[in-house]
Structure formats: structure tokens, C-alpha cells
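A.B. asks: Chains as they are written, first to last, in the numbering used here: chain P, 310 to 514; chain R, 310 to 514.
In case anyone wonders, no lab produced these hints; they're calculated from the structure. Warning: the hint list may mix true and false statements.
Distance condition first, Cα-Cα at most 25 angstroms in a straight line; then the derived SDA-like pairs of lysine to any residue [claimed, not checked]: (1) P/Lys371 / R/Gly511; (2) P/Lys371 / R/Arg352; (3) R/Lys373 / R/Lys399; (4) R/Lys373 / P/Asp496; (5) R/Lys457 / P/Asp496; (6) P/Lys373 / R/Arg352; (7) P/Lys457 / R/Ala508; (8) P/Lys361 / R/Ser349; (9) R/Lys457 / P/Met493; (10) P/Lys371 / R/His467; (11) R/Lys373 / P/Arg352; (12) R/Lys371 / P/Asp338; (13) P/Lys457 / R/Gly494; (14) R/Lys399 / R/His467; (15) P/Lys371 / R/Gly351; (16) R/Lys361 / P/Lys457; (17) P/Lys457 / R/Asp496; (18) P/Lys371 / R/Ser349; (19) P/Lys373 / P/Val440; (20) R/Lys371 / R/His467; (21) R/Lys371 / P/Asp409; (22) P/Lys371 / R/Asp496.
Here are some, though not all, of the chain R residues that point toward chain P, as calculated from beta-carbon distances under 8 angstroms [to be verified]: (23) Glu343; (24) Thr346; (25) Val427; (26) Ser435; (27) Gly438; (28) Pro439; (29) His474; (30) Phe478; (31) Ala485; (32) Thr489; (33) Gln492; (34) Ile505; (35) Gly511.
Here are a few chain R residues that face chain P, going by a calculated C-beta distance under 8 angstroms [to be verified]: (36) Ile483; (37) Ala486; (38) Asp507.
Where a beta carbon is used, it is the ideal one built from N, C-alpha and C, also for glycine.
There are 2 protein chains.
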Amino acid sequence: MPTAEEQISDQRLLKGARARAAIARHAADVASAEGLTGLSLGRLATDLGVSKSGVATLFGTKEKLQLAAIESAREVFIQHVIVPALSRDKGMPRLRALIDNWFAYIAEPVLPGGCFRVQSATEFDSRPGPVRDALAADRADWFALLEKEIRRAQDQGHLTGHDAHALAFQLDAIVAAANTAAQMGEDSALTTARGIVDALIGANA
Amino acid sequence: MPTAEEQISDQRLLKGARARAAIARHAADVASAEGLTGLSLGRLATDLGVSKSGVATLFGTKEKLQLAAIESAREVFIQHVIVPALSRDKGMPRLRALIDNWFAYIAEPVLPGGCFRVQSATEFDSRPGPVRDALAADRADWFALLEKEIRRAQDQGHLTGHDAHALAFQLDAIVAAANTAAQMGEDSALTTARGIVDALIGANA
Chain P
310 MPTAEEQISD QRLLKGARAR AAIARHAADV ASAEGLTGLS LGRLATDLGV
360 SKSGVATLFG TKEKLQLAAI ESAREVFIQH VIVPALSRDK GMPRLRALID
410 NWFAYIAEPV LPGGCFRVQS ATEFDSRPGP VRDALAADRA DWFALLEKEI
460 RRAQDQGHLT GHDAHALAFQ LDAIVAAANT AAQMGEDSAL TTARGIVDAL
510 IGANA
Chain R
310 MPTAEEQISD QRLLKGARAR AAIARHAADV ASAEGLTGLS LGRLATDLGV
360 SKSGVATLFG TKEKLQLAAI ESAREVFIQH VIVPALSRDK GMPRLRALID
410 NWFAYIAEPV LPGGCFRVQS ATEFDSRPGP VRDALAADRA DWFALLEKEI
460 RRAQDQGHLT GHDAHALAFQ LDAIVAAANT AAQMGEDSAL TTARGIVDAL
510 IGANA
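Required output: the full structure, derived from the provided sequences and hints.
C.D. replies: Written as C-alpha cells, this is what we have:
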């Protein structure tokens with residue numbers, strides 16, 4: 310049995326972790342619309358009705374807050390786009406599910422600014438440092454996942470004649486462009502983009 | 310003959326216009342890498358060694374500075390990508406030149422952060438207001454130009470079976486993705502993207 314003192318300490322840790330996760334999630338919301346550059350400890354404290362010193366204690370620097378927002382947004386993407394696709398058969402069905410889930414994620418954004426990856430990659434692509442490194446690592450994971458399922462689909466006899474990396478690049482480019490266009494208010498963009506993807510990898514069964 | 314007083318007044322206007330253009334161009338440089346959000350009158354004044362009040366007199370608000378940066382970046386794009394293409398024959402040759410010039414513009418960026426349109430569109434797509442309106446207008450012009458040359462190419466017997474808007478969407482998406490990937494340091498991205506474009510509209514003669 311833990312002592313009463315240990316229990317209190319555990320509860321404090323848990324409370325800190327929960328507060329940290331809630332603030333990071335709100336930071337991801339804000340950054341999805343206004344960019345990682347626009348994040349500040351003070352802004353988040355005001356939004357959430359907590360003290361700035363409390364936020365500073367949990368995160369330290371603006372850069373650490375940006376990294377926490379990236380991690381939180383990554384978890385949202387994994388949960389909404391990747392996890393549901395993993396229940397589909399490997400190869401073509403899973404590839405199709407990944408793209409369909411991503412389109413759905415863009416059509417009804419979970420984060421207010423749409424797809425965080427699209428937003429943040431262009432925002433930080435010219436600024437070397439830990440934030441760009443984190444975005445590049447996330448991007449590399451995403452491409453590796455797409456390419457793996459494309460290669461499996463090719464082993465199943467689909468998508469032959471495509472270079473796996475080039476096809477992943479193309480699929481990513483089309484859905485990313487659809488996100489920007491949809492956020493810009495171009496209502497037909499998702500239909501256009503879905504049509505392009507169907508022509509590339511075949512319409513969903 | 311203008312009076313001496315009129316000449317001095319004209320020179321002052323000219324000097325003001327030149328200073329305004331120089332500051333707007335620097336603002337476009339900064340925003341291409343760090344975003345329009347990161348612009349500030351004080352930062353630009355420090356960079357250029359002028360007084361903050363002087364910059365404030367010329368631009369007024371941060372939003373007006375952002376709009377001036379967009380206009381300046383638009384002129385750079387027109388000068389480097391569009392104008393040289395207009396000397397090519399209408400239709401297929403001009404479409405090909407627009408895309409090739411855009412790739413060249415990304416391979417050796419004129420603005421330090423790469424293509425301003427790609428950067429700023431994703432940055433402001435979720436923030437309604439004059440800045441997003443200016444970016445949307447620029448974007449609409451660009452798509453109209455691409456679609457016009459695609460339709461002309463189709464009248465010449467090329468690119469048949471493509472929807473002009475969908476093809477413009479696709480070309481824009483691929484080159485925009487190449488810009489982000491290149492800025493992220495992915496050296497092979499331009500080769501990959503050029504290959505995709507060649508497969509779409511035919512290799513350059």
C-alpha cells in the first residue's frame with residue numbers, strides 16, 4: 310500500500326500531467342488556426358483562466374510549448390486518421406482508409422484550423438531548430454506509413470508502375486492542398502481533390 | 310516647368326514611395342521565412358536601421374504592413390514566374406513555362422523562405438479578414454491563369470480528358486508540396502515533383 314504521502318504526491322503528478330495535456334491540446338487548437346508563432350504562455354493562460362506562472366512552470370519556454378502542441382496535434386491525427394485505418398486489411402484497403410480518414414478529418418476539422426501538419430510544416434519549414442526537427446520527424450513517419458501501405462498494395466498487384474515514394478508525395482500533396490483550399494473557403498476543393506485521388510489509386514469500393 | 314517647391318514635393322513623394330517599396334520588400338523576405346504573423350513595425354525598423362516611427366508613418370498598422378508584404382511578394386512572383394512565360398506561345402508552351410519557372414523559383418528561392426504564396430496561404434487560411442482576402446485574390450488570379458492556359462492547350466489538342474480546374478489544382482498542389490519539402494531539406498523533392506508533373510502534362514521538349 311502506498312503511504313498517504315505517496316498518494317498525495319501521485320495525485321499531484323497526475324493533476325500536473327492532466328493540466329499539461331489540456332494546455333497542450335488547447336495550444337494545438339490555437340496553433341492550427343493562428344500558427345505556432347502566435348502561441349504564447351500568456352495567451353494560453355488567459356484563454357484557460359489559469360495563471361501565466363502556472364503555464365510557465367509546466368512548459369518553461371515558448372519553444373517547449375510549441376513542441377507540446379505538435380505532440381498533442383500528432384496524437385489527435387493518429388487517433389482520428391491512423392488508428393481507424395489499422396483495423397482494415399493491410400495494403401490497398403488500409404491505404405484507401407488512411408486517405409479517406411484524412412479527407413474526413415479535413416472536411417470536419419477536429420482542430421479549428423484544419424490539418425495541423427499542413428499548417429505547421431509550411432510555417433516552420435524555413436526555420437531550423439527543434440520545432441522544425443519535430444515536424445520533420447512527424448512528416449517522415451507519415452510518409453513511411455503511406456509508402457509501406459503502397460508497397461503492400463503493389464505486392465497485392467495494385468498500383469503497379471508507380472514509384473511508392475512519388476505516389477505518397479502526390480497523395481500527400483493533393484490532400485494538403487485540399488486542406489488549404491477548404492480552409493480558404495473553396496467549397497468544391499474536397500470534391501476536386503477526392504476525384505484526383507480516385508483517378509490515382511482507384512475509387513473506394 | 311514645375312516650381313522649385315513642386316520639385317521638392319515630388320522628390321519627397323518619390324523618396325517616400327521608394328522607402329515604402331524597400332520596406333515592403335524586406336517585409337516579404339521576412340514573412341516568406343517567418344510568416345506574416347511574425348512581422349512587426351519595430352522588427353523591420355531595426356533590420357533596416359530606420360526609426361520605428363518612420364515605418365509607422367509609412368504603413369500605419371501591422372495589417373497594412375502585411376498587405377504591403379503580400380503585394381511586394383506578388384510582384385516578385387509575377388516578375389520571375391509569369392512575365393518570362395508570357396513571351397512563350399499561348400497554350401501548352403506557356404503552361405509548361407509557368408510550371409518550369411515556378412520550379413526554378415523554388416529551387417533557387419528569390420525570397421529566403423521559398424514561395425511566399427505557399428507559406429502565407431496555409432498561414433492565414435483560417436483567419437478571415439483583409440489579409441486572407443488579399444491572399445485569396447492572388448490565389449484566384451493564379452488559378453485563373455493556369456486554367457486559361459490549360460484550356461488553350463486543350464484547344465490545341467493537348468491534355469484532353471482532363472478537367473481544367475482539377476488539373477490546375479493538381480499542378481499547384483504538387484509544386485506547393487515541392488516547395489515545403491525543399492524548404493524542409495528534402496533534397497530529392499524537386500526531382501520527384503518534376504517527374505510527377507512530367508507524367509501529368511508531358512516532359513518539356
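A.B. asks: Against which earlier hints does the structure fall short, listed by number upward?
C.D. replies: 1, 3, 4, 10, 16, 20, 21, 22, 27, 28, 35 and 38
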